[in-house]
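In the order they appear, the protein sequences are chains A and B. The first sequence finishes on residue 187 if you use my numbering, and the numbering steps up by one all the way, no holes. The second sequence finishes on residue 187 if you use my numbering, and the numbering steps up by one all the way, no holes.
Some clues are possibly wrong.
As the list claims (entries may be wrong) - Okay, derived cross-link-like pairs now, DSS-like style, lysine-lysine, Cα gap no bigger than 25 angstroms in a straight line:
#: 1; chain 1: A; residue 1: LYS85; chain 2: A; residue 2: LYS96
#: 2; chain 1: A; residue 1: LYS14; chain 2: B; residue 2: LYS59
#: 3; chain 1: B; residue 1: LYS32; chain 2: B; residue 2: LYS14
#: 4; chain 1: A; residue 1: LYS59; chain 2: B; residue 2: LYS14
#: 5; chain 1: A; residue 1: LYS14; chain 2: A; residue 2: LYS71
#: 6; chain 1: B; residue 1: LYS14; chain 2: B; residue 2: LYS59
Quick caveat, the hints were computed from the structure, so don't treat them as lab data.
Protein chains: 2
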Amino acid sequence: MSTSSTKKQLPVDKARRYLEPGPIVLVSSHYKGESDVMTLGWHSILERSPSLVGCVISKHNHSHDLIRQSKECVINLPTTELTEKVIGIGNTTGAKTDKFSEFELSTESAQQVGAPLISECYGHFECRLYDDALIDRYNYFIFEIVAARVMTEPEYPTTLHYTGDGIFMVAGEMINRRELFSDDMLD
Amino acid sequence: MSTSSTKKQLPVDKARRYLEPGPIVLVSSHYKGESDVMTLGWHSILERSPSLVGCVISKHNHSHDLIRQSKECVINLPTTELTEKVIGIGNTTGAKTDKFSEFELSTESAQQVGAPLISECYGHFECRLYDDALIDRYNYFIFEIVAARVMTEPEYPTTLHYTGDGIFMVAGEMINRRELFSDDMLD
Numbered sequence: 001m002s003t004s005s006t007k008k009q010l011p012v013d014k015a016r017r018y019l020e021p022g023p024i025v026l027v028s029s030h031y032k033g034e035s036d037v038m039t040l041g042w043h044s045i046l047e048r049s050p051s052l053v054g055c056v057i058s059k060h061n062h063s064h065d066l067i068r069q070s071k072e073c074v075i076n077l078p079t080t081e082l083t084e085k086v087i088g089i090g091n092t093t094g095a096k097t098d099k100f101s102e103f104e105l106s107t108e109s110a111q112q113v114g115a116p117l118i119s120e121c122y123g124h125f126e127c128r129l130y131d132d133a134l135i136d137r138y139n140y141f142i143f144e145i146v147a148a149r150v151m152t153e154p155e156y157p158t159t160l161h162y163t164g165d166g167i168f169m170v171a172g173e174m175i176n177r178r179e180l181f182s183d184d185m186l187d
Numbered sequence: 001m002s003t004s005s006t007k008k009q010l011p012v013d014k015a016r017r018y019l020e021p022g023p024i025v026l027v028s029s030h031y032k033g034e035s036d037v038m039t040l041g042w043h044s045i046l047e048r049s050p051s052l053v054g055c056v057i058s059k060h061n062h063s064h065d066l067i068r069q070s071k072e073c074v075i076n077l078p079t080t081e082l083t084e085k086v087i088g089i090g091n092t093t094g095a096k097t098d099k100f101s102e103f104e105l106s107t108e109s110a111q112q113v114g115a116p117l118i119s120e121c122y123g124h125f126e127c128r129l130y131d132d133a134l135i136d137r138y139n140y141f142i143f144e145i146v147a148a149r150v151m152t153e154p155e156y157p158t159t160l161h162y163t164g165d166g167i168f169m170v171a172g173e174m175i176n177r178r179e180l181f182s183d184d185m186l187d
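From just these sequences and the hints, can you work out the full model?
Next comes the structure, spelled out in structure tokens:
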């Protein structure tokens, strides 16, 4: 299990390094004394600066209202060590269960938002609601990442990528093709 | 290289199986006699039925106007065999270059849209513009997938997932955890 002492601050415009590959994430939230966590796979980077990410958070999720009311959440990045918990969290509703207790998750205070960080995760992206224009139509929340922390090692996390039907792709080999890019395409 | 004869029709609500894991895709477009193709990593599934996907297509991309005018495109799914072409396409502007010729891409007619399929790709998701509400604000196009084809094998493609800075994660091991899901969470 990771702890905060093995993590470092990440510039928010570098969040794409971890989120653009498309991993399953755990979204934690807090509103008026109640916290929840949900599993989420439908997200994408929208912009680097400001650091924007769009997430589909269904109205059927207990977290939907907590996030809509508080206008905040934390996107936590789990790795394969947490596969069973990720699935359990995705199959359980926070309306009936305290998922932090049920799945024995350790939490820490975030730096910028009220939602808790999940300590066992590789990284944490603290989010504030930036644009609610598509929430009613598509349950689509556009967040600004206002603070980020990631583990100092390994350099790349062994993330989970969901294909549906109970089957996950696990992040594989990293390949470096910098020599094929023009300088202005790198960062 | 794959050909259309090794591909099968895919129900459009199954597109998430291939797109939710977050692969780099090649988006092809066609408008008034001109075709283009671009590399894209910022996308996510928005809904299963209708089969909706959201994509960030920057105004700096020549494809932006072709797609906006034609209201159509094809999301093609490349694998590691195409890594060099994927990078080359991402580093070249269609305003100056015929990228299909430059990168020796074979094309075929799509079933439902005017944009060409790229034959060498594992799968093809034909898209019609569904909602333009966020194009001006975020270059965010919401498409409906109206037809889909994928290769009959391998069962799961070896996709590329971009982390920025010239470094890609390659799709790794598939793990089946169906036994941990409740029946209503599977499909």
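Hint-by-hint comparison with the structure:
With a C-alpha separation of about 17 angstroms, the suggested pair A:LYS85 and A:LYS96 falls inside the 25 angstroms cut-off, and the hint holds. Between A:LYS14 and B:LYS59, the direct Cα distance comes to roughly 22 angstroms. Compliance with the 25 angstroms bound is thereby established for this hinted pair. Proposed proximity of B:LYS32 and B:LYS14 is contradicted: the alpha carbons are some 31 angstroms apart, above 25 angstroms. Straight-line distance between C-alpha atoms of A:LYS59 and B:LYS14 comes to about 22 angstroms, which keeps the hinted pair within the 25 angstroms bound.
For the hint linking A:LYS14 to A:LYS71, the alpha-carbon distance of about 22 angstroms falls within 25 angstroms, and the restraint holds. For a cut-off of 25 angstroms, the pair hint linking B:LYS14 to B:LYS59 is broken: about 30 angstroms separates their Cα positions.
Comparing the model with each numbered hint stated earlier shows that hints 3 and 6 do not hold.
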